[in-house]
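J.: We have chain A; now place chain B onto it with these hints.
Chains as they are written, first to last, in the working numbering: chain A, 385 to 780; chain B, 385 to 780.
It is worth saying that the hints were derived from the structure and are not from the lab. Incorrect hints may appear among the rest.
Each pair may be met inside one copy or between any two copies, as identical chains are not told apart.
What the hints assert, rightly or not - Below, computed lysine-lysine pairings styled on DSS-like, alpha-carbon distance capped at 30 Å:
hint : residue 1 : residue 2
1    : 394       : 447
2    : 553       : 528
3    : 731       : 523
4    : 553       : 631
5    : 615       : 528
6    : 394       : 631
7    : 731       : 528
8    : 723       : 610
9    : 523       : 652
10   : 394       : 443
11   : 528       : 394
12   : 553       : 723
13   : 510       : 610
14   : 743       : 731
15   : 523       : 610
16   : 631       : 723
17   : 522       : 731
18   : 743       : 553
19   : 631       : 731
20   : 394       : 652
21   : 447       : 528
22   : 522       : 652
23   : 610       : 743
24   : 510       : 394
25   : 723       : 615
2 protein chains.
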Amino acid sequence: MTQDPLPESKIPNMPPRILLGPGPSQAHPRVLQAMAVPMIGYLDPDFMLILDEVSELLKRVFKTEESLTMSLSGTGSAGMEAGFTSLLEPGDTVVMCVYGFFCERMIDMAERVGANVIPLRAAWGKPFPPEMLEEELKKHDNVKMVTAIHAETSTGIRQPLEAISNLAKEHDALFMVDAVTSLGGNEVAVDRWGIDYAYSASQKCLACPPGLAPVALSPRAHEVVKARQRKPMSWYLDLALNANYWKGHVYHHTAPVSNIVGLREGLKIVLEEGLEARFQRHHRNAQALWAGLEALGLDLVAPDGSRLDQITPVWIPSGIDDDRVRQILLREYSIEIGKGLGEFAGKVWRIGLMGESSKAEYVLSLLSALEGILPRLGYEVPRGAGVGAASTALAD
Amino acid sequence: MTQDPLPESKIPNMPPRILLGPGPSQAHPRVLQAMAVPMIGYLDPDFMLILDEVSELLKRVFKTEESLTMSLSGTGSAGMEAGFTSLLEPGDTVVMCVYGFFCERMIDMAERVGANVIPLRAAWGKPFPPEMLEEELKKHDNVKMVTAIHAETSTGIRQPLEAISNLAKEHDALFMVDAVTSLGGNEVAVDRWGIDYAYSASQKCLACPPGLAPVALSPRAHEVVKARQRKPMSWYLDLALNANYWKGHVYHHTAPVSNIVGLREGLKIVLEEGLEARFQRHHRNAQALWAGLEALGLDLVAPDGSRLDQITPVWIPSGIDDDRVRQILLREYSIEIGKGLGEFAGKVWRIGLMGESSKAEYVLSLLSALEGILPRLGYEVPRGAGVGAASTALAD
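Only chain A is shown next, with the shape it has when bound in the complex (with noise of 0.2 Å):
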């Protein structure tokens, strides 16, 4: 039997970028190197090492001792999907803070597995008022769990969790948090900040290829997934399943052996730089880009001191075309960023610096293609004032 020849390939080899968009950020090579190893089985006792290993390791990164920690085999929005299918039985109330556009999805998933869902609308761009939930929470008594975004990527900006997860604990509430930007970029602290539930994703400030979706389970969350009345609606996204594999070795589905080895190396490298000093370089390269935005004239969407350090929405000025400039930067500078999602689409650009992205000479890079691309397309911005400011920002 003869066959058709192969297609050619229209892109036979990856081209190369500088992924300052919403994530996948840069895989730090380390990583890539480590998931190029031949295979082993899910099973093996060998590998189950590697699993305790990975489990402690995302302990530390999550600040935890009390919760269990895992990934679970699918990117972060499975993460977000498994807390829901798993913590929640329909008819149960979860009142939900919202200020931004994966804030939304959270509603959707709460809705399709048949939760009561209240939705606490804020308006985006700003911090969640803590007292909107405090309100609420007093026509409640029976909620079952209240949900929060860390760093909510559409917006831009870094939610305190503190008083929510205060108010979560007057109510006897389980709380449920989206850590999927700020995991290993800004400090997580499951244990002091009473997290029930916390998710996050491979791709981003872990430097590690989408695919993964690490979590941490307290003890009363874990218990509550395995005194259901009912099975989760998802068999695949069940965290009493999942954590029956990562604790007992006990088959559930075939773990993506390459991702999880690659999530080891990416998690040995966060803690080799150390926490802190992790949080201090995305910090400090977020500074630099702020100051060379603000000194090409171009408005930032969340206020100084709300200011996700991973993720920068911006104005885009007037007059501006959202897709010209981002298809240029793509094609003349190998650069992405990402465009606006929800109310937001066509009005921002957000520009990631996340992980390995987290690079100064990639500010740098970014603020010299605007200052040539934007004058291009009739917006005047001060040549040279760009990377001026944040040369002097990375000097300070």
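T.: Structure of chain B alone, referenced to chain A:
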């Protein structure tokens, strides 16, 4: 702030293994190399070309021109769950042909999404009799879906699918097929066999690391997902949303770009070898294994004519310690084989010869190892008989 030193890795380097279990099988070195290239954005226009190419290559491997082909961002079980959560609504009737461990997993998943599940349990270790389905379908007038597993890895049975498909069609039901272990090792003819939803996994006969579930969705099944009254319970595994990303390039979740680039390479390797040649290789090496095991006096679970080439369950001789043999194989010979599942736990070993693991040298090494191990544990075998018989079969 000082930090505790990192825990010392117990397994700093991945130990070499010959993987003859139920998967992951050996990954092709070209796949591992392809995955080690720097990251690219999941909405990058160049990555969209890679998505299109993977989709096109999958069409050839699934033998479909009609179906939408893509990979889901999870392992094979995620592909299974995506079918139930997307194609069934609560109360929908699904009739399941059940003849092994993974068929039982299907029941669990379908029950979780609230379907009316009718399991037709037939004996393990034999093909499912279509008459059983025919009888059952006569009793209902509203069956939404019929399911079957092409290659039940718990029993080693290759299930003919056309009779089952015809019955499903006669009753206007969707036909969902598990092709996790068969795709790339046996013919899977989606169009010719009238399969509405087929899912597979990257880590078996496609010789990629685990982490992706390639799927094929017929136009009819796609319509069913789009026309649902209520959204699928899973957002992450919603086939319509995933299809929007693969075909419409609309953001859904951060796709695991490295795994997808690896899958592209794996599919190219499959098609370069040629599907027929690849199936023949799997069959030739399996025949050699069967001849060798039988020459050692071991009994195979599946009857000749219904055996899978990819995985061979073999009865453990009485008095022989299951764990002990697998431990010695792993520690002294670096060979992994699989254990029994469900009602076959402790009773069978499962020997996989899939993708890059389907090689004559591995067949001979395993038989030679068994010739050395079994007599040490009190089960005498005619020395050299296993490798002799395998070698003869290979030469034929």
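J.: As a check of your reading, is residue 743 near residue 553 (CA-CA no more than 30 Å) within one copy, between copies, both or neither?
T.: Intra 39 Å, inter 58 Å, cutoff 30 Å: neither.
J.: Using 30 Å as the alpha carbon limit, work out where residue 522 and residue 731 are close: within a copy, between copies, both or neither.
T.: Neither, since 37 Å and 58 Å both go past 30 Å.
J.: Should residue 394 paired with residue 631 be assigned to within, between, both, or neither, using CA atoms and 30 Å as the limit?
T.: between (44 Å within a copy, 17 Å between copies)
J.: Up to 30 Å between alpha-carbons, please classify residue 394 paired with residue 652: within, between, both or neither.
T.: Between copies only: 14 Å across, 36 Å inside.
J.: For residue 447 and residue 528, with the copy left unspecified, which applies at a CA distance of at most 30 Å: within, between, both, or neither?
T.: within (24 Å within a copy, 48 Å between copies)
J.: Within, between, both or neither: how does the pair residue 631, residue 723 come out at a Cα-Cα threshold of 30 Å?
T.: between (40 Å within a copy, 20 Å between copies)
J.: Given a CA cutoff of 30 Å, do residue 394 and residue 447 count as a within-copy pair, a between-copy pair, both, or neither?
T.: Classified as between: cross-chain Cα gap 22 Å, same-chain 45 Å, threshold 30 Å.
J.: Is the C-alpha distance from residue 523 to residue 610 at most 30 Å within one copy, between copies, in both cases, or in neither?
T.: within (29 Å within a copy, 38 Å between copies)
J.: Within a copy, between copies, both or neither: where do residue 723 and residue 615 come within 30 Å Cα-Cα?
T.: Answer is between; shortest inter-copy Cα gap is 27 Å, intra-copy 38 Å.
J.: Please sort residue 394 with residue 443 into within, between, both or neither, judging by C-alpha distance up to 30 Å.
T.: between (43 Å within a copy, 17 Å between copies)
J.: Reference check for the pair residue 528 and residue 394, CA-CA at most 30 Å: within, between, both, or neither?
T.: The answer is neither: 51 Å in one copy and 40 Å across copies each exceed 30 Å.
J.: If the cutoff is 30 Å on CA atoms, where do residue 723 and residue 610 land: within, between, both or neither? Let me know, please.
T.: between (40 Å within a copy, 27 Å between copies)
Going through the hint list in order, the structure does not satisfy hints 3, 7, 9, 11, 12, 13, 17, 18, 22, 23, 24.
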